[in-house]
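Enquirer: As a plain string of letters, each chain reads:
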Amino acid sequence: MQYGPDLTLIGLNSGHSADSQGNHTAWLEQTLQQYQSSEWIIPFHHVGPYPCYRSFNESYETRVRTNWVPLYEQYGVNLVISGHDHVYKRTYPIRNNQIDYENGIVYIGDGGSVVALREPDLSRWYVFEAAKEYNFFKLTMTQESGYSMLYVEPMFPLNESLVATPFYLISKNDMGDVIRTEKELTLSGLNDEGVVFANFINLPTKGLRNTNITWQSSHPDIIAVDGTVNRPKSGGENVIVTLTATITKGEASVTKEFKVKVLASTGPEGIGMWVNKDTKEVLIKGDYEFLGSNEIALLVMDKEGNIKYVHQKSRDAFGQFQFNFKIREDNMGEEYVVQIGARGREIPYETKFYLTTAATDIMVDSVVFSDALNGQPIERLMPDRNTYIHVSMVNNTEENIDALIIAVLYDSNNRVIKMVMDKENVAGNGSGNAYLVIPPVDGSNLEECFIKLFVWDGVDSMKALAERKMYNATNLTE
Amino acid sequence: MESSEGTTAWINSVKLTGLTPGTEYYVIIPHETNEERFKFRTALENPEKVVFIAASGLHFNGTDNKGRERRRTVMKAMAEENPDFVILVGDLWYHNNSGVNDNDTINASVDGFFDDLHQALITSDGRRIPVVPVEGNHDGKTSFVQAGPTLVIENAPFFITDLNFPVKENVIKKDVMFCNMGLT
Numbered sequence: 001m002q003y004g005p006d007l008t009l010i011g012l013n014s015g016h017s018a019d020s021q022g023n024h025t026a027w028l029e030q031t032l033q034q035y036q037s038s039e040w041i042i043p044f045h046h047v048g049p050y051p052c053y054r055s056f057n058e059s060y061e062t063r064v065r066t067n068w069v070p071l072y073e074q075y076g077v078n079l080v081i082s083g084h085d086h087v088y089k090r091t092y093p094i095r096n097n098q099i100d101y102e103n104g105i106v107y108i109g110d111g112g113s114v115v116a117l118r119e120p121d122l123s124r125w126y127v128f129e130a131a132k133e134y135n136f137f138k139l140t141m142t143q144e145s146g147y148s149m150l151y152v153e154p155m156f157p158l159n160e161s162l163v164a165t166p167f168y169l170i171s172k173n174d175m176g177d178v179i180r181t182e183k184e185l186t187l188s189g190l191n192d193e194g195v196v197f198a199n200f201i202n203l204p205t206k207g208l209r210n211t212n213i214t215w216q217s218s219h220p221d222i223i224a225v226d227g228t229v230n231r232p233k234s235g236g237e238n239v240i241v242t243l244t245a246t247i248t249k250g251e252a253s254v255t256k257e258f259k260v261k262v263l264a265s266t267g268p269e270g271i272g273m274w275v276n277k278d279t280k281e282v283l284i285k286g287d288y289e290f291l292g293s294n295e296i297a298l299l300v301m302d303k304e305g306n307i308k309y310v311h312q313k314s315r316d317a318f319g320q321f322q323f324n325f326k327i328r329e330d331n332m333g334e335e336y337v338v339q340i341g342a343r344g345r346e347i348p349y350e351t352k353f354y355l356t357t358a359a360t361d362i363m364v365d366s367v368v369f370s371d372a373l374n375g376q377p378i379e380r381l382m383p384d385r386n387t388y389i390h391v392s393m394v395n396n397t398e399e400n401i402d403a404l405i406i407a408v409l410y411d412s413n414n415r416v417i418k419m420v421m422d423k424e425n426v427a428g429n430g431s432g433n434a435y436l437v438i439p440p441v442d443g444s445n446l447e448e449c450f451i452k453l454f455v456w457d458g459v460d461s462m463k464a465l466a467e468r469k470m471y472n473a474t475n476l477t478e
Numbered sequence: 001m002e003s004s005e006g007t008t009a010w011i012n013s014v015k016l017t018g019l020t021p022g023t024e025y026y027v028i029i030p031h032e033t034n035e036e037r038f039k040f041r042t043a044l045e046n047p048e049k050v051v052f053i054a055a056s057g058l059h060f061n062g063t064d065n066k067g068r069e070r071r072r073t074v075m076k077a078m079a080e081e082n083p084d085f086v087i088l089v090g091d092l093w094y095h096n097n098s099g100v101n102d103n104d105t106i107n108a109s110v111d112g113f114f115d116d117l118h119q120a121l122i123t124s125d126g127r128r129i130p131v132v133p134v135e136g137n138h139d140g141k142t143s144f145v146q147a148g149p150t151l152v153i154e155n156a157p158f159f160i161t162d163l164n165f166p167v168k169e170n171v172i173k174k175d176v177m178f179c180n181m182g183l184t
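Each protein sequence line maps, in turn, to chains A and E.
Per the numbering used here, the very first residue in the first sequence carries number 1; after that it's consecutive.
Per the numbering used here, the very first residue in the second sequence carries number 1; after that it's consecutive.
None of these hints come from the bench; they were simulated from the model.
For clarity, every value in this text was computed on a predicted model and none was experimentally measured.
Even for Gly, the Cβ is constructed at its ideal location relative to N, Cα and C.
Among the clues, some could well be false.
What the hints assert, rightly or not - Derived coverage of chain A by chain E (criterion: at least 3 residues anywhere in the stretch with Cβ under 8 Å from a Cβ of chain E; other residues may be distant):
1) 11 to 19
2) 79 to 89
3) 112 to 125
4) 136 to 143
Working from the sequences, and respecting the hints, build out all of it.
Expert: In structure tokens:
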């Protein structure tokens with residue numbers, strides 16, 4: 001019977017309706033082998049091998065002693081409980097039929113819970129303590145730090161003035177501890193497919209009840225024995241690392257292997273950035289894995305190195321990161337540097353982006369504001385009349401480009417007043433012209449209004465083809 | 001539910017499955033004039049502490065009243081320790097005692113054991129304590145069998161039928177646990 005993983009009790013028939021030899025002994029050995037991981041294996045049977053009333057050489061006592069005791073000694077039994085002799089008894093620790101304080105088995109019994117008592121023979125070499133008293137035993141198994149303890153208390157319910165010596169046993173089942181540790185040892189930080197995502201795997205060096213664990217790695221450059229994970233560089237092959245744990249306690253030792261898949265770094269190309277130039281919101285997201293880190297930091301600086309935004313996050317369950325932030329100043333035309341890095345990592349784990357698109361496919365050669373198509377240039381927007389905008393462009397690529405030219409008039413609160421657009425196909429290595437007309441804006445105070453001019457490849461994608469230009473409505477010089 | 005009529009009393013057994021570890025279950029048995037209530041507790045899966053009792057030689061001669069009183073006192077003392085279970089290391093009753101080996105005496109010995117188990121091996125809060133027995137030399141018809149490989153079930157009919165001992169011919173099961181409902 002198993003009562004939890006640490007306590008196994010084996011009930012045996014010491015020759016009453018079954019013979020204690022032959023099949024019974026074979027079954028006992030098989031059972032002792034089967035429950036070796038149990039901290040305590042306690043056989044109990046009516047006739048014991050070390051009686052303190054009947055003769056030492058009685059046939060059934062002798063059979064138990066010769067058939068079962070060698071197995072108890074072989075398979076790490078600490079305690080055996082018997083009856084039959086109608087007395088309270090506890091032996092010295094016994095091994096090889098002699099007292100062995102270091103590795104002996106204690107035999108307790110010997111009946112006498114209710115039945116008429118007998119006089120024990122205290123002169124026998126193995127009897128530590130015995131008494132003609134009604135008795136039973138209370139046994140308490142507890143899990144302590146580093147070991148398991150079995151506390152054995154003789155109880156005399158009909159003579160409470162009598163106190164026998166309680167004692168305790170400490171589990172010496174090193175193989176049991178090693179096997180239990182092997183069964184329970186798992187690696188954390190892996191997904192269901194055995195892929196490691198963190199840059200560190202916890203490889204424990206201590207197991208159940210002070211078992212020792214040492215590690216070997218088939219690829220120490222990828223997963224070191226201290227658990228450090230170094231992913232293969234971007235473009236390299238994924239690697240399956242075999243980690244071998246050797247679990248030992250005393251002379252007991254077992255090994256356990258784990259297969260861990262380490263993916264090659266995805267590199268910074270896994271990062272995406274989206275800039276909404278109207279709301280000035282920026283979204284940057286990607287996969288942590290290129291960093292080989294669980295923590296990621298984002299730093300946004302302008303050209304002069306002034307920090308505009310800084311934030312740090314830990315990886316989520318999906319190994320993704322995402323930053324949302326908003327540039328508060330209206331200087332989108334400036335170049336921004338975005339650095340993404342892992343805390344405590346050096347430059348190779350950083351990458352850079354520019355909030356401006358640095359688009360150069362189309363170069364805006366000139367922009368002329370006028371009061372009529374091909375009319376006279378004007379220096380300020382005229383609120384009661386159309387304003388004509390002539391945009392001259394040069395295609396720096398060899399491909400023909402369908403350009404979308406957009407002019408947006410904003411008020412002082414950055415709200416759109418008017419937006420106009422024109423499409424123009426600009427031949428490869430050629431030039432083109434776009435004409436836009438801003439209609440009258442009666443009633444608006446134009447003093448702090450401004451116009452932005454964009455050249456995109458379409459309204460949906462908003463991919464900039466040229467650098468954005470901006471003009472004050474009352475001073476239409478760039 | 002199965003019943004056996006090995007002695008003058010009925011022995012009923014119920015097999016419960018699908019129980020949750022470390023849980024107390026309450027049992028109500030209606031009788032004609034009253035009902036009986038008690039509880040039992042299932043084992044924890046990975047207990048950090050286990051308390052159990054080992055006792056042996058719970059029999060006594062014939063209908064010895066002193067022996068009967070002594071057994072109840074001992075069983076009550078066991079229950080006071082609030083153990084998770086009790087192992088009984090043989091000799092629960094007298095089946096083969098010289099001079100008293102007649103049916104009435106055997107019945108009285110076996111039934112008396114179950115009566116005492118039922119009435120005394122119960123905690124103050126009504127929890128019945130499981131018992132795990134092995135056979136002693138007085139639990140069967142003869143004290144010892146001669147050398148031979150076969151389990152002689154007929155030698156210990158009360159032990160096997162009344163305790164619902166889960167044995168088959170030539171097979172001894174390894175996991176034996178009785179919940180001791182003690183419904184004699």
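Enquirer: Need the list of violated hint numbers for this structure, in ascending order.
Expert: Hints that this structure does not satisfy do not exist here, as all of them hold.
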